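Engineer: Numbering (this note's numbering), first residue to last: 34 to 141.
Careful, some of the hints might be misleading.
Under the rule of at most 20 Å between Cα atoms (straight-line distance), these lysine to aspartate or glutamate pairs were calculated in the DMTMM-like manner [stated by the list, open to error]:
id : residue 1 : residue 2
1  : K123      : E108
2  : K97       : D124
3  : K131      : E88
4  : K98       : D126
5  : K58       : E91
6  : K123      : D46
7  : K58       : E113
8  : K123      : E113
9  : K58       : E116
10 : K37       : E74
11 : K51       : E91
12 : K58       : E74
13 : K50       : E135
14 : K98       : E88
15 : K51       : E90
16 : K58       : E70
17 : K117      : E135
None of these hints come from the bench; they were simulated from the model. Just so it is clear, the structure is predicted and the values come from calculations on it, not from any experiment.
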Amino acid sequence: MKCKNCPIWNVMDLLGKKWNMFLIKVIRNNPNIRFNEILVELGINPRTLTLRLCELEEWGIINKKKFNTIPPRVEYSVSEIGEKLFLSFKDLDAWAKKYVPESKLIDN
């Protein structure tokens with residue numbers, strides 16, 4: 034379902050993509066983390082990681098800082114709006130802990 038006047042649907046579409054919520058959490062908990070460190074942390078495919086990072090950066094949720102060094106170095110951090118989004122995860126987590134039956138829980 035597409036709804037131009039329903040921003041929540043766009044956000045849920047973004048967050049519903051595999052890895053995005055985990056990426057936000059990992060980057061938030063590891064400020065100035067590098068690409069390869071994220072690969073190790075999540076065990077994600079490099080191409081998928083690149084796509085997800087680009088999308089989160091386009092949304093303004095994460096910041097990408099490039100260093101003019103050899104070899105090239107890039108660090109990721111959560112932006113101010115990304116931090117606000119992350120804080121909303123805590124409310125969602127509290128809701129899930131209270132209302133999601135144990136039989137519906139999955140291992141991640």
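Engineer: If a hint holds in the structure, say so; if it doesn't, say that too.
Structural biologist: Taking the hints in turn, this is what the structure says about them:
1. K123 / E108: Given pair K123, E108 is violated - Cα atoms ~25 Å apart, limit 20 Å.
2. K97 / D124: violated, 27 Å
3. K131 / E88: Violated. K131 to E88 sits at ~31 Å, over the 20 Å cutoff.
4. K98 / D126: It is violated: about 30 Å lies between the C-alpha atoms, which goes past 20 Å.
5. K58 / E91: holds, 17 Å
6. K123 / D46: Holds. K123 to D46 sits at ~19 Å (cutoff 20 Å).
7. K58 / E113: Roughly 14 Å between the alpha carbons, so the hint for K58 and E113 holds.
8. K123 / E113: Since the Cα atoms of K123 and E113 sit roughly 16 Å apart, the hinted pair holds (cutoff 20 Å).
9. K58 / E116: holds, 10 Å
10. K37 / E74: violated, 35 Å
11. K51 / E91: holds, 17 Å
12. K58 / E74: Holds - the C-alpha atoms of E74 and K58 are around 11 Å apart, at most 20 Å.
13. K50 / E135: Violated, at roughly 23 Å.
14. K98 / E88: holds, 15 Å
15. K51 / E90: holds, 16 Å
16. K58 / E70: holds, 14 Å
17. K117 / E135: violated, 28 Å
The structure does not agree with the numbered hints 1, 2, 3, 4, 10, 13 and 17 stated previously, though it agrees with the rest.
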